[in-house]
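S.K.: So you can see what is in the structure, the chains are spelled out below.
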Amino acid sequence: MQGWRVGWLGLLLLGAGLLAFYFWPRPKPAAAQAEPAPAAHPTSPRILFAERTVPVPDDNPQTPAKVELGQRLFYDPRLSKDGKVACASCHKPEFAFSDGGKPVSTGIFGRQGSRNAPSLTNVAFRRHLFWEGRSPRLELQAVGPLTAHDEMGMEPEELAQRLGAIPEYAKAFQEVFGEPPTLKTTAYAIAAFERTLLSYNSPFDRYQAGDDKAMSEAALRGMEIFFSEKGDCFHCHVGPEFTDDEPRNTALYTVYKDIGLARATGRDEDVGKFKTPTLRNVALTAPYMHDGSIQTLREAVQHYNQGGQPNLNADALIRPLGLTEAEVDDLVAFLRSLTDESFGTNPAFLPP
Amino acid sequence: MKAWLFLLTLGLAGALAAPVELKINLRVGDQPLQFGQTYQTPQGQRYQIELLRFYISEVALVRPDGREVRADGLVLAEFKREAPTQGVSVIKMDVPAGQYRGIRFNVGVPRELNHLDAGTQQMPLGVNSGMYWAWNPGYIFYRLEGVALLPEGKQKWIIHMGTDAFRIPVRLQDLQTRRVQINIPPAGGSITLNLDVARAFQPGPGGAFVDWRKQSLRQLHGLSPETSLLMSVVYFNMQTAFSLAN
Chain C
1 MQGWRVGWLG LLLLGAGLLA FYFWPRPKPA AAQAEPAPAA HPTSPRILFA ERTVPVPDDN
61 PQTPAKVELG QRLFYDPRLS KDGKVACASC HKPEFAFSDG GKPVSTGIFG RQGSRNAPSL
121 TNVAFRRHLF WEGRSPRLEL QAVGPLTAHD EMGMEPEELA QRLGAIPEYA KAFQEVFGEP
181 PTLKTTAYAI AAFERTLLSY NSPFDRYQAG DDKAMSEAAL RGMEIFFSEK GDCFHCHVGP
241 EFTDDEPRNT ALYTVYKDIG LARATGRDED VGKFKTPTLR NVALTAPYMH DGSIQTLREA
301 VQHYNQGGQP NLNADALIRP LGLTEAEVDD LVAFLRSLTD ESFGTNPAFL PP
Chain W
1 MKAWLFLLTL GLAGALAAPV ELKINLRVGD QPLQFGQTYQ TPQGQRYQIE LLRFYISEVA
61 LVRPDGREVR ADGLVLAEFK REAPTQGVSV IKMDVPAGQY RGIRFNVGVP RELNHLDAGT
121 QQMPLGVNSG MYWAWNPGYI FYRLEGVALL PEGKQKWIIH MGTDAFRIPV RLQDLQTRRV
181 QINIPPAGGS ITLNLDVARA FQPGPGGAFV DWRKQSLRQL HGLSPETSLL MSVVYFNMQT
241 AFSLAN
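Respectively, the protein sequence lines represent chains C and W.
Reading the first sequence from the start, the letters are residues 1 to 352 in this note's numbering.
Reading the second sequence from the start, the letters are residues 1 to 246 in this note's numbering.
Just so you know, the hints here were simulated from the structure itself, not pulled from any lab data.
Any given hint might turn out to be false.
As the list claims (entries may be wrong) - Below, a list of computed lysine-lysine pairs in the BS3-like style, where the Cα atoms sit at most 27 Å apart:
| hint | chain 1 | residue 1 | chain 2 | residue 2 |
| --- | --- | --- | --- | --- |
| 1 | C | Lys81 | W | Lys156 |
| 2 | C | Lys81 | W | Lys154 |
| 3 | C | Lys84 | W | Lys156 |
| 4 | W | Lys80 | C | Lys81 |
| 5 | W | Lys156 | W | Lys80 |
| 6 | C | Lys102 | C | Lys92 |
Unchecked claim - Some chain C residues close to chain W (C-beta under 8 Å, calculated; not the full set):
| hint | residue |
| --- | --- |
| 7 | Pro136 |
| 8 | Thr182 |
| 9 | Lys184 |
Said to hold, decoys possible - Per label pair, the in silico range of CB-to-CB distance:
| hint | chain 1 | residue 1 | chain 2 | residue 2 | range |
| --- | --- | --- | --- | --- | --- |
| 10 | C | Ile166 | W | Asp117 | 27 to 35 Å |
| 11 | C | Lys230 | W | Gln122 | 52 to 60 Å |
| 12 | C | Gly110 | W | Ala17 | 50 to 58 Å |
| 13 | C | Glu51 | W | Gln122 | 34 to 42 Å |
We put the beta carbon where it would ideally sit given N, CA and C, even for glycine.
Chain C with its partners taken away, still in its complex shape (with noise of 0.2 Å):
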């Protein structure tokens, strides 16, 4: 009697514990908090990529002042030398701050950059940005655009001057840097936004979280090929964010016009080397490859299929998978799963 009424206890209590895993609310995105609220269950076996922790260097810490004003900056497009180009004109929210269906971007004066705009997804976590991975952090990325010659073309003198004419600006940056606007703060406030740029919302991140139902059924099956070694894509795509951050060989071409890594390092073997992307939101980010020219993710995911082109400098992983038109199918619908329909429109992180 006494086993038998301890063991219906337990079966409620398991029951309960059940319900309270399905119906417990499931966390918001980071959206624009830098540090992300500790854990609500640190015992559940839930996966919540949007509890890490982002990386913050110490001679930048986050502060709201500081990324509210390197938000008003990056949609400001005073910040070019034609007055026309913001940092958002290349990565707009909508396109998961990528550029929108464009190979290469426009920058000042009508000029042609010669990469694709890469999305600003969860940026915080890359060790290296740049397509060859060549810049260590946000606040040295930042320079690269800003002073580009076919981008936003300033010089720093230039840009403090601007930026210290404009009397909302002179004063913000007082209160954040305790000086008048530079190159350097102007790049440092601008890496405090982008690191608030968190998407963690996708039927992906809800099915890890525990709702069965989030990911289709092609989708599940995509995820199964994925993360096989016949589909051998998480080699690269690794982590909560898809990304190895590793320059490699695509065999995207036999010879390539932008030589990537080699481009810095004056290196053979670096010839047609550029980072793994990530692949979150990475349905809003076609055309795909560094200089956009793959168009949709499906030939993407066909080129990878195919093993590319002859390349001495190809990645060993590069091989043709024999994946049927249907795995690829369901390759495509898993990558879509990766889609945080709600980063885009999240109004922390649109023009204030």
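Since the structure of chain C is already known, use the hints to place chain W on it.
M.R.: Positioned in the frame of chain C, the structure of chain W alone reads:
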């Protein structure tokens, strides 16, 4: 005793540091450079110079016996419109007075400084220097910019030389024939160099030259395949672009 005193005085004088200023005259061929003036390349392309900035580092004076006296420091020499181009002081250093047979230095940033976090470095390095190459990362060592006067109109061109491989060694010394005599009196003095900016446009092997009619060659930087040959030509030419003026 007198001889000892004499030697001691001589020794002290030799050891005492004298202030020396390194000055630069910018030239186009053998003429003083004037910003905004129109010049012509050996290939007949007309151009103007608008800006020149470069790092000088690892300066050393060469003694008659070949040993070197090194001067600390790294400077960013800057030249632009409305500013003088002749006798411009770029670096001040202290060296023992005496006779020297030359000077050497590098145009560029030493490797051990070139890849430090630019966010934490101070001028003349750092993000605000106007020489930071965010996508490399590292610094532009030699930055020359101007406009080309092409049939279709004015077109801006730039030469941004950087990466460790393109640190330019300048060696202005002569131990054997003793043509180079640099005398630094105890009160100090100056050493003036000529820099022929137009040397960059001399054709290289196979006749390759900086052809501004081609859009892709108006931006020479890094090691992109279209420009790597010309960067090497400019780099090669730059090694003989400096000469002693006095």
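S.K.: Keeping to a limit of 27 Å between CA atoms, is the pair of Lys102(C) and Lys92(C) held or broken?
M.R.: Since the Cα atoms of Lys102(C) and Lys92(C) sit roughly 11 Å apart, the hinted pair holds (cutoff 27 Å).
S.K.: Lys81(C) and Lys154(W): Cα distance at most 27 Å?
M.R.: Holds, at roughly 18 Å.
S.K.: Run the distance test for Lys80(W) versus Lys81(C): straight-line Cα separation, threshold 27 Å.
M.R.: Holds - the C-alpha atoms of Lys81(C) and Lys80(W) are around 19 Å apart, at most 27 Å.
S.K.: Does the alpha-carbon distance linking Lys156(W) and Lys80(W) stay inside the 27 Å limit?
M.R.: This hinted pair holds, its Cα atoms lying about 15 Å apart.
S.K.: Go ahead and decide if the range 34 to 42 Å is satisfied by the Cβ distance of Glu51(C) to Gln122(W).
M.R.: holds, 38 Å
S.K.: Does the closest beta carbon of chain W sit nearer than 8 Å to the beta carbon of Lys184(C)?
M.R.: With a minimum Cβ separation of about 4 Å from chain W (threshold 8 Å), the hint on Lys184(C) holds.
S.K.: With 8 Å as the cut and Cβ atoms as the points, is Thr182(C) at the interface with chain W?
M.R.: holds, 5 Å
S.K.: Under 8 Å, Cβ to Cβ, is where Pro136(C) needs to be relative to chain W, so tell me if that hint holds or is violated.
M.R.: For Pro136(C), the interface hint holds, since the closest Cβ of chain W sits about 7 Å away, which is under 8 Å.
S.K.: Taking the Cβ atom of Ile166(C) and the Cβ atom of Asp117(W), is their distance within the range 27 to 35 Å?
M.R.: holds, 29 Å
S.K.: Given the hint of 50 to 58 Å, check if Gly110(C) and Ala17(W) actually sit that far apart at their C-beta atoms.
M.R.: Holds, at about 55 Å.
S.K.: Between Lys230(C) and Gln122(W), does the beta-carbon spacing fit 52 to 60 Å?
M.R.: holds, 54 Å
S.K.: Between the alpha carbons of Lys81(C) and Lys156(W), is the straight-line distance 27 Å or under?
M.R.: holds, 14 Å
Hint violations for this structure: none, all hints satisfied.
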